[in-house]
Amino acid sequence: MSCKDLTSRCDPVHLCEDMRIAFPECRCESESVSVFSPSPVADNEILARQIFSPIHIDPETGKVTPAAFSDVANKGLSVSRLTYCPEEEVDRKGDQKARVDTERGRKKSYHGFIRGRCGDLRAIKKDDGQRLFCVYDTAFEHDAAHADACQAVDQGPSANKKARKILRDQFEKVPWKG
Amino acid sequence: MFIPLSLLAVPATIQTQDPSWSAAQDPEPTVVHEFVSNDWVDIQSLLTVYSEPNEESLGYVQKVKPTARDKIAATLTSYLDLDEDWDGYGGVRPTDKAVRDTLEFLNALPEGKVPPKPMLAGSGEVGLFWDIEGFYCDVGFEGDGTYSYYGELNDAHSIGDEEVPVGVFPEELLNSVPRLSKS
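Each protein sequence line maps, in turn, to chains C and U. Residues in the first sequence are numbered from 25 upward in steps of one, following my numbering. Residues in the second sequence are numbered from 4 upward in steps of one, following my numbering.
Chain C extracted, bound-state conformation (with noise of 0.2 Å):
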């Protein structure tokens, strides 16, 4: 089975598990997961995330939470690849899923992107040397742009709390838009 084959055959509530079982060591990070992207995610992209909710900003503060960041451990940290999708689009596109999610009766509101490196995320190791986090280019055919950054290793709900507080570190802390 390829990574392509994997990523469009799985439950994407479990993307990132998946992964860590059938290609541990970001091994598919070298090839492109998705038909429909342009190009595996290069070290020196900015990738974007959306934020939607003001429960993942701390009102007082501005800055966004650290649950903002648990996706990583289990469906994968949706974000977008700016090479490939610039500011005002990723705008745009969060403008419009906040306005098409209310219409159908889930009120939403889109706050802004937060930036990190995609490197950065690459660069993150564990005390042992194994890499905590992979970044694949998880394309739509709507969204060519789309990518996740997904845990490497799931080491328990304290570890991966302080995974995501690492995670956190590499992004922005307050959303803003382009």
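Mixed in with the good hints there might be a few duds.
Said to hold, decoys possible - Partial list, computed: chain U residues near chain C (C-beta under 8 Å):
{"id": "1", "residue": "Asp-86"}
{"id": "2", "residue": "Leu-123"}
{"id": "3", "residue": "Gly-125"}
{"id": "4", "residue": "Ser-126"}
{"id": "5", "residue": "Tyr-139"}
{"id": "6", "residue": "Asp-141"}
{"id": "7", "residue": "Ser-151"}
{"id": "8", "residue": "Tyr-152"}
{"id": "9", "residue": "Asp-164"}
Stated by the list, open to error - Ranges of calculated distance between the beta carbons of each label pair, as one might list FRET restraints:
{"id": "10", "chain 1": "C", "residue 1": "Trp-200", "chain 2": "U", "residue 2": "Asp-84", "range": "24 to 32 Å"}
{"id": "11", "chain 1": "C", "residue 1": "Glu-196", "chain 2": "U", "residue 2": "Lys-116", "range": "24 to 32 Å"}
{"id": "12", "chain 1": "U", "residue 1": "Ser-184", "chain 2": "C", "residue 2": "Arg-51", "range": "44 to 52 Å"}
{"id": "13", "chain 1": "C", "residue 1": "Lys-197", "chain 2": "U", "residue 2": "Asp-147", "range": "26 to 34 Å"}
{"id": "14", "chain 1": "U", "residue 1": "Asp-147", "chain 2": "C", "residue 2": "Asp-167", "range": "31 to 39 Å"}
{"id": "15", "chain 1": "C", "residue 1": "Lys-149", "chain 2": "U", "residue 2": "Ser-184", "range": "34 to 42 Å"}
{"id": "16", "chain 1": "U", "residue 1": "Glu-174", "chain 2": "C", "residue 2": "Phe-60", "range": "51 to 59 Å"}
{"id": "17", "chain 1": "C", "residue 1": "Ser-26", "chain 2": "U", "residue 2": "Gly-115", "range": "52 to 60 Å"}
{"id": "18", "chain 1": "C", "residue 1": "Gly-180", "chain 2": "U", "residue 2": "Ala-111", "range": "19 to 27 Å"}
{"id": "19", "chain 1": "C", "residue 1": "Gln-179", "chain 2": "U", "residue 2": "Ala-111", "range": "22 to 30 Å"}
{"id": "20", "chain 1": "U", "residue 1": "Asp-99", "chain 2": "C", "residue 2": "Ser-26", "range": "36 to 44 Å"}
None of these hints come from the bench; they were simulated from the model. Source: prediction; values computed, not measured. No residue lacks a Cβ here, since even glycine has one placed at the ideal position from N, Cα and C.
Assemble the complex: chain C is given as a structure, and chain U must be docked to it using the hints.
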């Protein structure tokens, strides 16, 4: 009667008729709060009730002033009103038990300690965190009667554990949470 805890986020005012009324004379405040479940938390212990003169009406106004903990509790309880996909990424609605466990933890935190901030993960895990000078800590409740945490102190010392029964406060965690400054 069900009164959402979120109402506590807004100070409530109760007009009393007797101008000689004082907090010392008044028996128990008559504020009634019931919860979705009967055993949430002893919310009366979280309330601060005081009185002050109201010159316009020549009466007294009894105010229920929400504390920082009231606001946290209100936010945590409001998570139960969320729909699925609340975060735009398929976010799971938290369970009643996860919220209740978090409230219990909050209620058990000794007075005088810096209160945490509430948060919610896409997995439905309810959380509390501190991110202040010299202390970072992330505590999570999945609704199984236990919690996990990870923290860092300014001396680069880290703390952490998992499957800690709700109601148990590990010494390392309790001792790490800073005390509120008196200013």
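(message) Please check whether Asp-141(U) passes as an interface residue: C-beta within 8 Å of a C-beta belonging to chain C.
(response) With a closest approach of 4 Å, the Asp-141(U) hint holds.
(message) Next item in the hint list is Asp-86(U). Is there a CB on chain C closer than 8 Å to its CB?
(response) With a closest approach of 5 Å, the Asp-86(U) hint holds.
(request) Using 8 Å as the Cβ threshold, decide whether Tyr-139(U) counts as touching chain C. (result) holds, 7 Å
(request) State, for the Cβ atoms of Ser-184(U) and Arg-51(C), whether the hinted interval 44 to 52 Å holds or is violated. (result) About 51 Å separates the Cβ atoms of Ser-184(U) and Arg-51(C), which means 44 to 52 Å holds.
(message) Range first: 22 to 30 Å. Now tell me if the beta carbons of Gln-179(C) and Ala-111(U) are that far apart.
(response) Check passed, 27 Å falls within 22 to 30 Å.
(request) Given the hint of 24 to 32 Å, check if Glu-196(C) and Lys-116(U) actually sit that far apart at their C-beta atoms. (result) holds, 30 Å
(message) Under 8 Å is the threshold here; is the Cβ of Ser-126(U) close enough to any Cβ of chain C for the hint to stand?
(response) Result: holds, 6 Å to nearest chain C Cβ.
(message) Holds or violated: the hint that Tyr-152(U) contacts chain C, with Cβ atoms closer than 8 Å.
(response) holds, 6 Å
(request) Using the beta carbons of Asp-99(U) and Ser-26(C), state whether their distance is inside 36 to 44 Å or not. (result) holds, 43 Å
(message) A closest beta-carbon separation below 8 Å is what the hint needs, so does Gly-125(U) meet it against chain C?
(response) holds, 5 Å
(request) Can you let me know if the beta-carbon spacing of Lys-149(C) and Ser-184(U) is within 34 to 42 Å? (result) Since Lys-149(C) and Ser-184(U) have Cβ atoms about 38 Å apart, the given range 34 to 42 Å holds.
(request) Confirm or reject the claim that Asp-147(U) and Asp-167(C) have a C-beta distance inside 31 to 39 Å. (result) At roughly 36 Å between Cβ atoms, Asp-167(C) and Asp-147(U) fall inside 31 to 39 Å, so the hint holds.
Violated hints for the displayed structure: none, as all numbered hints are satisfied.
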